[in-house]
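Enquirer: These are the residues of each chain, in order.
There are 2 protein chains.
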Amino acid sequence: MDACGLIVEYNPFHNGHLHHLVEAKKESSASCMIAVMSGNFLQRGEPAIIDKFHRTRAALAGGIDIVLELPFVYAVQSSDLFAKGSVQTLNEIGVSSICFGSESGTTSNFTSSYEIFKEKETIFQAELRKNLHKGLSFPDASKHAYEQIGLTSDEMDLSQPNNILGFSYIKEILDHDLAIKAFTVKRTKSGYHDQTISSTIASATSIRKQLLQEGHITEHSASTFPNSTKQQLTDYYHKTAVWHNWEQYFSLLQYRVMTMDHNEIAAIHGVDEGLEYRIKKTAKHAQSLYEWVDAIKTKRYTWTRIQRVFVHILTNTKKEHIQLIKTNESVPYVRLLGMTKQGQAYLNQQKKAMNVPLVSQLTHHNSPLLISEEKASNAYYSILKPSLRRDFIKQEIGPPIII
Amino acid sequence: MDACGLIVEYNPFHNGHLHHLVEAKKESSASCMIAVMSGNFLQRGEPAIIDKFHRTRAALAGGIDIVLELPFVYAVQSSDLFAKGSVQTLNEIGVSSICFGSESGTTSNFTSSYEIFKEKETIFQAELRKNLHKGLSFPDASKHAYEQIGLTSDEMDLSQPNNILGFSYIKEILDHDLAIKAFTVKRTKSGYHDQTISSTIASATSIRKQLLQEGHITEHSASTFPNSTKQQLTDYYHKTAVWHNWEQYFSLLQYRVMTMDHNEIAAIHGVDEGLEYRIKKTAKHAQSLYEWVDAIKTKRYTWTRIQRVFVHILTNTKKEHIQLIKTNESVPYVRLLGMTKQGQAYLNQQKKAMNVPLVSQLTHHNSPLLISEEKASNAYYSILKPSLRRDFIKQEIGPPIII
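Respectively, the protein sequence lines represent chains V and A. Here the first sequence stands for residues 1 to 403, numbered as in the working numbering. Here the second sequence stands for residues 1 to 403, numbered as in the working numbering.
Please note that a few of the clues may not be correct.
You can't tell identical chains apart in this list, so a pair holds if it fits in one copy or across any two.
[Claimed, not checked] Derived DSS-like pairs: lysine-lysine, alpha-carbon spacing no greater than 25 Å straight-line:
#1 K394 with K280
#2 K171 with K326
#3 K209 with K297
#4 K351 with K186
#5 K209 with K134
#6 K239 with K284
#7 K209 with K26
#8 K394 with K230
#9 K284 with K341
#10 K385 with K319
#11 K239 with K297
Hints were generated in silico from the structure; no laboratory data involved.
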């Protein structure tokens, strides 16, 4: 049985993802579709609107056969580490292909760009360093560096967010010579960052924004995502009376920062160049998370970067916790969140050949990554009522979801 | 102008304190009465029901001339460090006498006990260690050790809480040969720990308990404390809709512990002998602070000890933060919270002769103790609404209260 991996930061809100899935099935002709999904915190440095278990159910009901968790330490990261975690997870589970969405939509452009990049990598790195030194943010600095080596052309524009991610996947595969075929499908209609729902294929950001603003599923937003998602959103809200968003964590985070010393903030992953002083100084004046991020933001520190740092403070993720994954070649385990019967058959076929353990529960902490996972999960649920908190955390030690 | 110091953990709820003040004035014939008061967290490891600034106003309105803050790092401690901080603070401000309440009520019994203690200190220490080794709690272990050297007799029963504190004051004075005369007045009617209001001189514990249970000031509880206190309690509640108690901090503390590694909990002051495992293990099951403490409690770990550890986790107070005060002979500064005109005159007279700075605002952090003070204050107010939190924290950088 062949499997194809989807490295969307799997967010089941999205008719676009269904479209992507259909395309991926067609292109790969694989009989098992595997999604690597971020856990409770997303790449852009935000809590997921509903937890990973409910999103897993939505993904399985929507046509995915196996849902794997992208370990927390890879999830809330810039594209390189995010790609490393996702691609290596899919490689360990033995997929023969991966399919990713991109603005480009042409697979060959990615591979030819990789060759150009490899050839001119020294120039790229020097430009990148120079730009960072000038005080540019990482996205701006790398955009200009790509410009310098001709990778922001119409064929391959590496200033587009999904192209950047896709390029990182390709890089991970080719750098490590993995036996995975990669192909891309074109992102249709709405871009990654669009904030208004403009068609039935809307960006996850815009849907999330509308849901949180309206506080319920409007007819309009309902048309943009599958029924399986609607059901899980409703179910989660029914149980918890919560759809997670950053503002709900504001008091916790402010309390935390205001009881930390500067050197403790500086030990948190992502806090560099004296950012700890800026975070601490602005903490006491902020009356909301939005105000706080806005007060910290500069040309160098983007909104996304600050949000990621906030996730790492909230979850107590230190530089030392991340160091490990920078040096490791692959992921230390593969975590199974859920599967269908078809997925189960695939796993039975693959399990023996795997080089790393297939983990479903957090009970046995053999890996420091699982400890980080547990802390992230504890932080995520901390805004629920005490009794719910306990029950939802228990999901982490339950069996995988099977539908 | 002569000053007399009151080392009550000044809690202005208490008609007993008024009585104590009257007695102290009479006995000392001093014209300036100075109280050393715990800040926002009390010796027993609990948040104060209203903040230190409102309690300062109550104390000044109730007849105290100067209110000094016992630094946080000394306040939530067993009697030795608590006594060191309070006595040394009063010594630095130049009091000629101190007056403390005790079950004994006879000053000469304290001094003669000190002599017996000094003579038999080696036996005492050996007994104490032996008892601790057996697994007894510190209070039980020292009680039995005092028994061994004959200091639990009717004349001087060092198993009584106020006698223990008083004895620690005397020890601090005589060990350091301070030019302070000490005398004691008998604690009337209600003991330190009494939980029901049985007379108009009630224990602070029982009053606090009734206030929190009833949620308002009943006629019955009103009769047990001065009008100045009643006014500040009402005022604080009117502004914040909060009377502080541990349960309000439960979610914060649980979140905190559940995102800490074992070694981080072990670094917190008061966490010894593997207590970190017990704290962490019980965290996920607890649905209230009461339940949590109850789950941790053993013969060795008393309720008070666990509550103190909880204060230190909440405020992020590590062993290294406390190490400093263990080795220092005296306090590094004296913090002024409030004064009357009379108090101001006394301070003008004393200021030049002082060996340590007289501090009123937290703006200039010259001392690590002030950083701990700030963190404790931030943690204390973290349960208020964001706008109130900011305003109340600002009091820390305001001028002292003058009435």
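Enquirer: If a hint holds in the structure, say so; if it does not, say that too.
Expert: Now for the hints, and whether the structure bears them out:
Only between protomers do K394 and K280 lie at most 25 Å apart by alpha-carbon distance; the minimum there is 15 Å, versus 34 Å within a single protomer. In the homo-oligomer, the alpha carbons of K171 and K326 lie at most 25 Å apart inside one protomer (15 Å), although the nearest pairing across protomers, at 56 Å, exceeds that limit. Taking CA atoms no more than 25 Å apart as the test, K209 paired with K297 passes inside one copy only; the shortest distance there is 21 Å, against 46 Å between copies. Taking the closest pair of Cα atoms, K351 and K186 never come within 25 Å of each other, the shortest separation being 33 Å inside a single copy and 76 Å across copies.
For the homomeric pair K209 and K134, neither the shortest alpha-carbon distance inside one copy (34 Å) nor that between copies (60 Å) is at most 25 Å. Within a single copy, K239 and K284 get their C-alpha atoms only as close as 34 Å, which misses the 25 Å cut-off; across copies the closest is 19 Å, which meets it. In this assembly of identical chains, K209 and K26 lie within 25 Å of each other by CA distance neither inside one copy nor across copies; the values are 32 Å within and 69 Å between. With identical chains, the CA atoms of K394 and K230 are at most 25 Å apart within one copy only, with a shortest distance of 24 Å there and 46 Å across copies.
Taking the shortest Cα distances, K284 and K341 never come within 25 Å of each other, neither inside one copy (52 Å) nor across copies (33 Å). For a Cα distance limit of 25 Å, the shortest separation of K385 from K319 qualifies neither inside one copy, at 31 Å, nor across copies, at 32 Å. Within a single copy, K239 and K297 get their C-alpha atoms no closer than 36 Å, and across copies no closer than 33 Å, so neither meets the 25 Å cut-off.
Checked against the numbered hints given earlier, this structure breaks hints 4, 5, 7, 9, 10 and 11; the rest are met.
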